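A.B. asks: Sequences are here, hints too, so could you generate the full structure?
Those protein sequence lines, which keep their order, are chains A and B. Heads up: the first sequence begins at 1 in the numbering used here, then just goes up one per residue. Heads up: the second sequence begins at 1 in the numbering used here, then just goes up one per residue.
Bear in mind the hints are in silico, worked out from the structure with no lab data behind them. Among the hints, a few may not be true.
Below are the SDA-like pairs computed for lysine to any residue, each with C-alpha atoms no more than 20 Å apart in a straight line [to be verified]:
hint, chain 1, residue 1, chain 2, residue 2
1, B, K243, B, M202
2, B, K29, A, F103
3, A, K115, B, D36
4, B, K186, A, N34
5, A, K115, B, G111
6, A, K69, A, H27
7, B, K186, A, M24
8, A, K87, B, L110
9, B, K208, B, R248
10, B, K208, B, E220
11, A, K87, B, D53
12, A, K14, B, R154
13, A, K87, B, R104
14, A, K115, B, L110
15, B, K243, B, L204
16, B, K186, B, E216
17, A, K14, A, H27
18, B, K208, A, G23
19, A, K87, B, L108
20, B, K208, A, C18
21, A, K87, B, K29
22, B, K186, A, V53
23, A, K87, B, E106
24, A, K115, B, R104
25, B, K93, A, I51
26, A, K115, B, R68
27, A, K115, B, E39
28, B, K93, A, G62
29, A, K115, B, E99
30, A, K115, B, K243
31, A, K115, B, N102
32, B, K208, A, D25
33, A, K69, A, D82
34, A, K7, A, N34
35, B, K93, A, A57
36, A, K87, B, D36
37, A, K14, A, E35
38, A, K115, B, R107
The structure presented is a predicted model; accordingly, all values stated were derived computationally and were not measured.
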Amino acid sequence: MRIEIPKECDQCMKCAACCVVTGMDGHSIASELNELASSGAWNCANCWRCIEVCPRAVDIFGFMMQRRKEEEIPELIRKGIDGVFRKGFWFGDSQFNEIRGLFGLPVVRFLGREKVALLMADEGEGS
Amino acid sequence: MERMILYPGCLVLSRFHEYELASRQILSKLEIEALDMEEFCCCGSSLVPGVRDDWINLPAYSLARAERLGMDIITLCGSCTNTFMRANFYLEKDPDLLERANSRLERLGLGYAGTTTVRHIVEILVDRVDEIRESVVSPLNFNVAVSHPCQIMRPSEILPEQDTVSCQAMRGIVSALGAKVVDYPKERGCCGSTILLFDRGMALEVGKRKLESAIEGGAEMMSVCCGNCLLLLDRYQSQMELKNGGRRMPLISLPQLIGLALGFPQDEMGVFRH
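C.D. replies: Structure follows, in structure tokens:
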């Protein structure tokens with residue numbers, strides 16, 4: 001069963017009116033709150049204007065994160081999150097430190113898979 | 001010399017070496033020693049909470065590392081700033097959540113009491129704007145549009161320092177360099193960079209509209225202070241057909257711009273990469 005729209009929301013459309021994504025005729029969490037579309041929770045520019053304009057202090061962030069669990073993760077985001085759990089880094093760059101060295105920037109050591117696993121809940125516990 | 005932890009974030013560490021380098025040089029000039037995270041870990045951004053309820057352990061790790069050293073964290077990206085501030089907000093509000101995070105941090109020999117302050121570099125720079133103004137040797141005699149790192153300002157429930165990091169911060173710093181800050185309608189609007197992760201065409205259109213708005217405002221260049229803004233407005237600009245006769249809108253990060261006004265050599269400020 002889908003996470004329900006928070007009862008505080010009276011669908012005033014203020015979030016949809018300020019959302020960058022709906023402003024481009026796309027669907028976002030603002031579309032879901034106002035029942036204009038049934039998916040779009042991942043389509044967010046992270047500008048958080050919706051939270052600022054909401055007159056009823058709806059927990060839009062919390063609702064969006066719960067709805068995201070029920071919707072398909074865009075491929076690029078999936079890849080990035082996999083990288084975070086692989087070694088604590090969004091990208092899978094090769095020659096990462098070599099290129100940094102060309103700019104005179106310090107070597108970066110990552111937390112690494114084993115320590116990330118220690119930090120996060122065991123399989124099935126956290127999601 | 002004050003010591004702080006520099007947390008450039010995944011995007012800047014990987015893609016915006018010139019921004020990171022200039023930040024290090026300007027911080028050093030301002031007598032701030034920027035130390036690196038011993039073992040770097042992604043902040044978790046606002047994306048990991050969409051798949052994991054225990055996302056907060058990721059930012060808690062970096063916050064705990066800094067706390068152990070007794071240092072503030074300086075961020076270069078709006079997204080990391082927002083995530084760390086959000087994590088601090090939730091951890092302070094919910095002792096059970098803090099306890100659960102600590103049970104994980106203990107496995108790495110760490111613990112977090114919730115005392116680490118996270119500051120975006122704009123906040124560090126605006127606090128020292130007089131010192132920056134007095135150090136200018138080459139005043140910037142051109143019109144600059146600023147694009148603000150919007151994620152360090154919203155939502156105000158989590159980011160209560162909105163006044164100090166408001167849009168006036170970047171405008172004040174750029175003015176202190178001698179440049180004229182132009183007004184343009186989309187100045188406060190999101191650049192649209194994160195949209196790249198799910199709809200490239202939409203992101204390009206949002207970015208294009210922002211750049212065109214700045215051009216119409218009379219800007220000769222745009223200054224930003226966030227890896228996300230640089231990604232879309234600079235790196236992806238060649239994929240936008242701007243209504244300005246096809247000319248490129250020069251983009252530069254705020255620390256690089258400061259460096260130029262303070263007399264750092266152009267090649268050291270990485271301006272040729274833009």
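A.B. asks: Hint by hint, note whether the structure agrees.
C.D. replies: Now for the hints, and whether the structure bears them out:
1. Between K243 (chain B) and M202 (chain B) the CA atoms are separated by roughly 17 Å; this keeps the pair inside 20 Å, and the hint holds.
2. With a C-alpha separation of about 19 Å, the suggested pair K29 (chain B) and F103 (chain A) falls inside the 20 Å cut-off, and the hint holds.
3. Of the pairs offered as hints, the one joining K115 (chain A) and D36 (chain B) holds, with about 18 Å between alpha carbons and a cut-off of 20 Å not exceeded.
4. For the hint linking K186 (chain B) to N34 (chain A), the alpha-carbon distance of about 26 Å lies beyond 20 Å, and the restraint is violated.
5. Distance hint between K115 (chain A) and G111 (chain B) is fulfilled; the C-alpha atoms sit about 15 Å from each other, no more than 20 Å.
6. Distance hint between K69 (chain A) and H27 (chain A) is fulfilled; the C-alpha atoms sit about 17 Å from each other, no more than 20 Å.
7. With a CA separation close to 15 Å, the supplied pair K186 (chain B) and M24 (chain A) stays within the 20 Å bound.
8. Proposed proximity of K87 (chain A) and L110 (chain B) is supported: the alpha carbons are some 18 Å apart, at most 20 Å.
9. Taking the CA atoms of K208 (chain B) and R248 (chain B), the gap is about 11 Å. The hint holds against a cut of 20 Å.
10. Between K208 (chain B) and E220 (chain B), the direct Cα distance comes to roughly 15 Å. Compliance with the 20 Å bound is thereby established for this hinted pair.
11. About 19 Å separates the Cα atoms of K87 (chain A) and D53 (chain B), which keeps this hinted pair within 20 Å; it holds.
12. For a cut-off of 20 Å, the pair hint linking K14 (chain A) to R154 (chain B) stands: about 16 Å separates their Cα positions.
13. The straight-line distance between the Cα atoms of K87 (chain A) and R104 (chain B) is roughly 17 Å, inside the 20 Å bound, and the hint therefore holds.
14. Restraint check for K115 (chain A) and L110 (chain B): the C-alpha separation of about 12 Å stays at or below 20 Å, so the hint holds.
15. Using a Cα cut-off of 20 Å, the hinted pair K243 (chain B) and L204 (chain B) holds, with the two alpha carbons roughly 14 Å apart.
16. The suggested pairing of K186 (chain B) with E216 (chain B) holds, with an alpha-carbon distance near 11 Å, which does not exceed 20 Å.
17. Note on K14 (chain A) and H27 (chain A): the hinted pairing holds, with a Cα-Cα distance of about 15 Å set against a maximum of 20 Å.
18. A threshold of 20 Å between alpha carbons decides the hint, and for K208 (chain B) with G23 (chain A) the separation of about 14 Å falls inside it, so the pair holds.
19. A distance of roughly 15 Å separates the Cα atoms of K87 (chain A) and L108 (chain B); the hinted pair therefore holds under the 20 Å criterion.
20. Our distance criterion of 20 Å between C-alpha atoms is met by K208 (chain B) and C18 (chain A), whose separation comes to about 18 Å.
21. Distance hint between K87 (chain A) and K29 (chain B) is unfulfilled; the C-alpha atoms sit about 33 Å from each other, more than 20 Å.
22. At roughly 18 Å between alpha-carbon atoms, K186 (chain B) and V53 (chain A) fall within 20 Å of each other, so this suggested pair holds.
23. The suggested pairing of K87 (chain A) with E106 (chain B) holds, with an alpha-carbon distance near 19 Å, which does not exceed 20 Å.
24. Simply put, K115 (chain A) and R104 (chain B) have alpha-carbon atoms about 10 Å apart, close enough for the 20 Å limit, and the pair holds.
25. Distance check on the hinted pair: K93 (chain B) and I51 (chain A) sit about 18 Å apart at the alpha-carbon level, within 20 Å; holds.
26. As the CA atoms of K115 (chain A) and R68 (chain B) are separated by approximately 18 Å, the hinted pair is consistent with the 20 Å bound.
27. Distance hint between K115 (chain A) and E39 (chain B) is fulfilled; the C-alpha atoms sit about 10 Å from each other, no more than 20 Å.
28. Straight-line distance between C-alpha atoms of K93 (chain B) and G62 (chain A) comes to about 15 Å, which keeps the hinted pair within the 20 Å bound.
29. Distance check on the hinted pair: K115 (chain A) and E99 (chain B) sit about 19 Å apart at the alpha-carbon level, within 20 Å; holds.
30. With a CA separation close to 49 Å, the supplied pair K115 (chain A) and K243 (chain B) exceeds the 20 Å bound.
31. A C-alpha spacing of about 14 Å is found between K115 (chain A) and N102 (chain B), which places the hinted pair at or below 20 Å, so the restraint holds.
32. For the hint linking K208 (chain B) to D25 (chain A), the alpha-carbon distance of about 16 Å falls within 20 Å, and the restraint holds.
33. In summary, the hint linking K69 (chain A) to D82 (chain A) is supported, as the alpha carbons are separated by about 15 Å, within the 20 Å threshold.
34. Between K7 (chain A) and N34 (chain A) the alpha-carbon distance is near 12 Å, which keeps this suggested pair within the 20 Å criterion.
35. Straight-line distance between C-alpha atoms of K93 (chain B) and A57 (chain A) comes to about 17 Å, which keeps the hinted pair within the 20 Å bound.
36. Taking the CA atoms of K87 (chain A) and D36 (chain B), the gap is about 17 Å. The hint holds against a cut of 20 Å.
37. In summary, the hint linking K14 (chain A) to E35 (chain A) is supported, as the alpha carbons are separated by about 13 Å, within the 20 Å threshold.
38. Simply put, K115 (chain A) and R107 (chain B) have alpha-carbon atoms about 9 Å apart, close enough for the 20 Å limit, and the pair holds.
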